[in-house]
Amino acid sequence: MLAAARMVVWRELLVAMRRRSDVATALLFFVIVVSLFPLGVGAEPNKLRAIAPGVIWVSALLSSMLSLNRLFAADHADGTLEQMVLGAAPLGVTAAAKALAHWLVSGFPMVAIAPLLALQYDLEPSLYGILALSLLLGTPVLSLIGGIGAALTLGVRGGGVLLALLVLPLYVPVLVMGAGAVEMASAGLGGLGQLLILGAMLIVAAAFAPWATAAALRISSE
Amino acid sequence: MKWFWYASPQTFYPLAAKLARACGLAAAVLAAAGLYVGLFVAPTDAQQGEAYRIIFIHVPAAWMSMFIYVVMAFWAGLGLALNTRLSGMMASALAPTGALFTFIALWTGALWGRPTWGTYWVWGDARLMSELILLFLYFGFMALHASIEDPRRADRAAALLALVGVVNIPIIYYSVKWWNTLHQGASVSVTAAPKMAATMLAGMLVMALAFWMYSIAATLLRVRGIIRERGAA
Amino acid sequence: MLEARDLECERGGKVLFRRLGLALAPGETLRIAGPNGSGKTSLLRILCGLLTPSAGEVLWNGARIQSLKEDYARHVLYLGHAPAVKDELTGAENLRVACVLAGISPSAEQTRDALERFGVPGDKPVRQLSQGQRRRAALARLSVSGQAPVWLLDEPFTALDAAAAELTRALLGEHAQRGGSVVYSTHQDAGLRDSRVIEL
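Chains as they are written, first to last, in this note's numbering: chain A, 11 to 232; chain B, 1024 to 1256; chain C, 13 to 212.
The calculated DMTMM-like cross-link candidates involving lysine to aspartate or glutamate, where the alpha carbons are at most 20 Å apart (straight line), are:
1) Lys136/C x Asp88/A
2) Lys136/C x Asp99/C
3) Lys26/C x Glu1172/B
4) Lys81/C x Glu232/A
Just so you know, the hints here were simulated from the structure itself, not pulled from any lab data.
Model the full structure from these sequences, guided by the hints.
Below, the structure written as structure tokens:
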């Protein structure tokens, strides 16, 4: 079972490495969106500092959502998804492995460059840690929940936008807690509570989302 | 055992018509009674004046919007577990009515907010925001169902979505509520109900029953339409 | 042993077949024949568990495959229309992944041999292979999947040249002799000694 999971992650990483442009564009989208906001709201330093956590979080959310299409669509098209459904490992395990690989390729890079982007907003350097930590806990949840949406909308017309409509409401708690953690910290109130809640969301999502994704994959394979 | 006989769309079809007629009638009677209580019998509120009367539509609509989602999720779960066609059809039939009540709740909430607090939309209210997200969940359900060609796959995909949504609704509510306390500061909850006189509560309950009867009637008629459409009648 | 009872399949509002039953014993080769659109692919997908029939059930050693899930899938090799290979990976990498996902770990030698037998260059990305080579890269799985008793193949002989078709026939024959069972669909005579034919 673990061998199959390892193999899935390895394959995803290999494919991602050989299609580097796909991965890079999602990350670039993250950077561009974050950079757009000051152009829209004005460069007043206090305002930017105040909206920084929210902007970075929303951009991470949108970027993660955009790359969800890649999660299963290619596999569905070339027939490898069916083989995963018919695999020897429980489909939930395979789905979890796919979500992990998705996070490694799309989510983790965002965690890494978020502090750099926060520089644009003149966010307090002491907040970089909690910003990165909130993203570290939150982006895997986005990959896990997003996987359910991606699996449900396989091969369906209206794909990308429909996926957004399905998944964004479910992302709200993660956004609220994630951005909230940083905002609490910037107000001097710690933010540990929000991080703990994010951690709890991660555990619950890791436990349940793969099975929902597996059920959705079975439904979509018919 | 009788239940299983009615589980076939064919046998359910005529039953649905009869039930719909009965419930529709009940809805009309109850609505008349409820509105009478709400508009004429319940006393004027000391603080909010006559404008508060919109509560007799707003609160029952909000209750129904959430109740219908749970019922929808119930039928969805039943359909996935037992692989019955009718359950999936029931879930699909419920969604538009649920969305309607959610929309009514939001709209009346806004109309209430204007004269009372001077603004149509208040970001500071956890319940209104959760209602908005609930509306998106309904739309997502209907959109997903509409986008899938094969009716059985559509039923099952939407059913799974409904189940995932129903689990998330409390999580969304509590996270928004927390966010609300962080950001609100001085603003007050728009849907803070005035002190409940007994008549006010009675009026809302009667209206809730009326909405419930209406929902059953509308859903049953819609299910008949779906049964006809899929040629199962 | 694979058994199906009272299968009914409805696609796009049409009932493709109903009350279809079959029992597959070890060593049997079953051919599903019929014109395009008659439900051959649907029947195979029902048998492997990807598709739920509108009526009836499929049993593996007496238990419903819907409840067995991967415990049944472990015993099945299913090759559908799509070659199920990733364009970005080489033939060898694809074969290795497919095997591990199916629960077997062939040695590097075995995968190399399998690809060689089918004349597929193992170290070029599949994207650079021709359609025929892609099909053969997918079929290479037949060489290493002997431990899966049930083979469900959807039109395996399509677009194969004479040599590859002969090799495939040989592998199917070998599998049946080993005690495995093969269900395959085709709309022409494939030259195999079938135990039975189902006409849709």
